[in-house]
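Asker: As given, the protein sequences belong to chains Z and A, one line each in that order.
Sequential numbering of the first sequence, starting at 0, is according to numbering that gives the first Met the number 0.
Sequential numbering of the second sequence, starting at 0, is according to numbering that gives the first Met the number 0.
What the hints contain is simulated information worked out from the structure, not anything from laboratory work.
Among the clues, some could well be false.
Given that identical chains are not distinguished, each listed pair holds provided it fits within a single copy or across any two copies.
Capping the alpha-carbon separation at 25 Å, the derived lysine to any residue pairs in SDA-like fashion look like this [stated by the list, open to error]:
#1 78 / 168
#2 209 / 171
#3 80 / 180
#4 237 / 214
#5 122 / 209
#6 122 / 10
#7 209 / 121
#8 234 / 190
#9 80 / 201
#10 209 / 119
#11 209 / 197
There are 2 protein chains.
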Amino acid sequence: MPMNIYDNEEFFRSYVKLREGLNYNDLLETPAMLSLIDDIRGKEILDIGCGFGKTDRTFIELGARRVRGMDISEKMIEKAKAENMAEGIEYSVMPAGRLQDIDGLYDIVYSSLCFHYIEDFGKLISDIHSKLRPGGMLLFSQEHPITTADYEGGFSEDSRRYTFSSYQREGTRVSEWFVDGVVTYHRTFSTIITEIVRRGFRIDTVLEPKPSESAIRMLPRIEREYEKPSFLIVKSYKN
Amino acid sequence: MPMNIYDNEEFFRSYVKLREGLNYNDLLETPAMLSLIDDIRGKEILDIGCGFGKTDRTFIELGARRVRGMDISEKMIEKAKAENMAEGIEYSVMPAGRLQDIDGLYDIVYSSLCFHYIEDFGKLISDIHSKLRPGGMLLFSQEHPITTADYEGGFSEDSRRYTFSSYQREGTRVSEWFVDGVVTYHRTFSTIITEIVRRGFRIDTVLEPKPSESAIRMLPRIEREYEKPSFLIVKSYKN
Chain Z
0 MPMNIYDNEE FFRSYVKLRE GLNYNDLLET PAMLSLIDDI RGKEILDIGC GFGKTDRTFI
60 ELGARRVRGM DISEKMIEKA KAENMAEGIE YSVMPAGRLQ DIDGLYDIVY SSLCFHYIED
120 FGKLISDIHS KLRPGGMLLF SQEHPITTAD YEGGFSEDSR RYTFSSYQRE GTRVSEWFVD
180 GVVTYHRTFS TIITEIVRRG FRIDTVLEPK PSESAIRMLP RIEREYEKPS FLIVKSYKN
Chain A
0 MPMNIYDNEE FFRSYVKLRE GLNYNDLLET PAMLSLIDDI RGKEILDIGC GFGKTDRTFI
60 ELGARRVRGM DISEKMIEKA KAENMAEGIE YSVMPAGRLQ DIDGLYDIVY SSLCFHYIED
120 FGKLISDIHS KLRPGGMLLF SQEHPITTAD YEGGFSEDSR RYTFSSYQRE GTRVSEWFVD
180 GVVTYHRTFS TIITEIVRRG FRIDTVLEPK PSESAIRMLP RIEREYEKPS FLIVKSYKN
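Can you make the complete structure from the sequences, with help from the hints?
Answerer: In structure tokens form, the structure reads like this:
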């Protein structure tokens with residue numbers, strides 16, 4: 000059973016609240032992701048783990064021809080359909096593990112903060128490869144491997160130092176995020192990069208986004224990203 | 000003035016002693032590096048920061064046609080010439096910054112634990128690119144970015160957890176390693192990988208080597224590599 004914490008009532012309420020306030024996604028991760036898309040005009044985009052669909056509507060506004068947003072969570076897709084529908088967008092409730100059921104080919108596969116929930120990373124990348132046109136782009140973000148290594152680690156009280164362990168022990172991690180028992184999968188940096196290459200992609204850019212000065216003014220604690228990054232972003236092209 | 004701590008008398012004595020005993024290089028880094036060389040027979044190899052030249056002699060024994068070892072340290076090259084000379088090997092005292100003075104082209108550029116001493120990483124990679132034949136391989140190891148981020152960090156007393164900071168602050172680090180004032184340069188994963196791509200290479204493999212069971216039996220404290228890796232290895236090919 001793939002992880003679908005987002006349909007838990009309590010989790011969903013807390014998550015919606017998080018995303019309504021100033022948050023790391025809007026201040027750090029999404030701008031970094033969007034900065035890596037060369038030219039979106041006329042493109043067909045598949046968004047894996049699309050959530051509320053906010054970025055999918057942005058894609059259409061920036062000139063994408065067609066966007067397909069998929070998410071395992073019914074609640075997310077419901078909210079996406081209610082709030083971020085536009086001509087050219089199609090939303091479906093579907094886990095990443097069922098990518099092979101999607102028809103058609105895409106120019107861009109985009110995925111924001113979803114891959115650390117996926118157990119079989121190699122299969123995921125191969126499935127994505129089969130859904131991309133030749134030369135197509137895979138752009139994804141995930142929790143940074145230093146973060147996924149050890150959710151029991153964390154910042155010192157003054158936010159100046161970060162402590163962790165178990166970086167080389169890949170596999171399941173269970174943590175508490177709004178609710179107990181959120182399951183993610185830790186993979187090292189080397190596994191992530193090497194799997195992408197082995198499954199038929201050419202690495203273009205790796206980015207560990209840093210907060211801007213204005214982001215720090217708006218949300219001062221985001222400055223601790225300078226000590227330890229929260230996100231890893233990889234841009235690659237299908238060979 | 001490029002870093003050349005290895006010609007400091009006290010440092011050199013301590014370093015020789017370290018390398019004579021059981022050490023991370025012989026148990027972890029060198030085997031991992033050698034495992035990534037596809038076929039060495041008939042190849043011409045340039046070794047940047049060759050040190051004692053032990054690996055260069057191994058290259059010749061494994062069938063390399065020609066090996067050029069360069070190192071900034073006179074003491075290292077003296078020891079290499081005395082202990083690891085073989086037909087087909089040439090050793091020179093030369094800093095990595097003077098790569099453009101080397102004539103000829105190579106099939107493989109190899110560099111073990113040297114690049115974290117180099118200030119201008121982009122120039123280094125471009126210089127290497129110009130010394131490789133088309134399709135040639137660049138294989139290097141360096142101190143892991145989590146390590147170079149913060150030499151004031153370190154393991155907890157029980158070696159179970161690792162604390163660091165300043166990952167996103169790239170630049171000079173001054174540490175104590177046998178002697179005071181060893182200067183290295185911290186770069187993030189993303190800078191390392193993205194620069195290699197930008198300078199004309201295709202990333203093939205990224206490896207953060209893990210100690211084998213036999214290595215742990217021989218040197219029990221190397222087990223803490225499971226919490227936090229010491230080395231980053233990158234294999235890439237010239238486009």
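Asker: Evaluate each hint against the coordinates.
Answerer: Outcome of the hint check:
1. 78 / 168: Intra 37 Å, inter 39 Å, cutoff 25 Å: neither.
2. 209 / 171: Result: close only across copies, 19 Å inter versus 27 Å intra.
3. 80 / 180: neither (28 Å within a copy, 60 Å between copies)
4. 237 / 214: Neither, since 33 Å and 38 Å both go past 25 Å.
5. 122 / 209: between (30 Å within a copy, 24 Å between copies)
6. 122 / 10: Result: close neither inside a copy nor across copies, 28 Å intra and 49 Å inter.
7. 209 / 121: between (28 Å within a copy, 20 Å between copies)
8. 234 / 190: Answer is both; intra-copy 15 Å and inter-copy 13 Å each pass.
9. 80 / 201: Neither: 34 Å inside a copy, 41 Å across copies.
10. 209 / 119: between (29 Å within a copy, 21 Å between copies)
11. 209 / 197: between (29 Å within a copy, 20 Å between copies)
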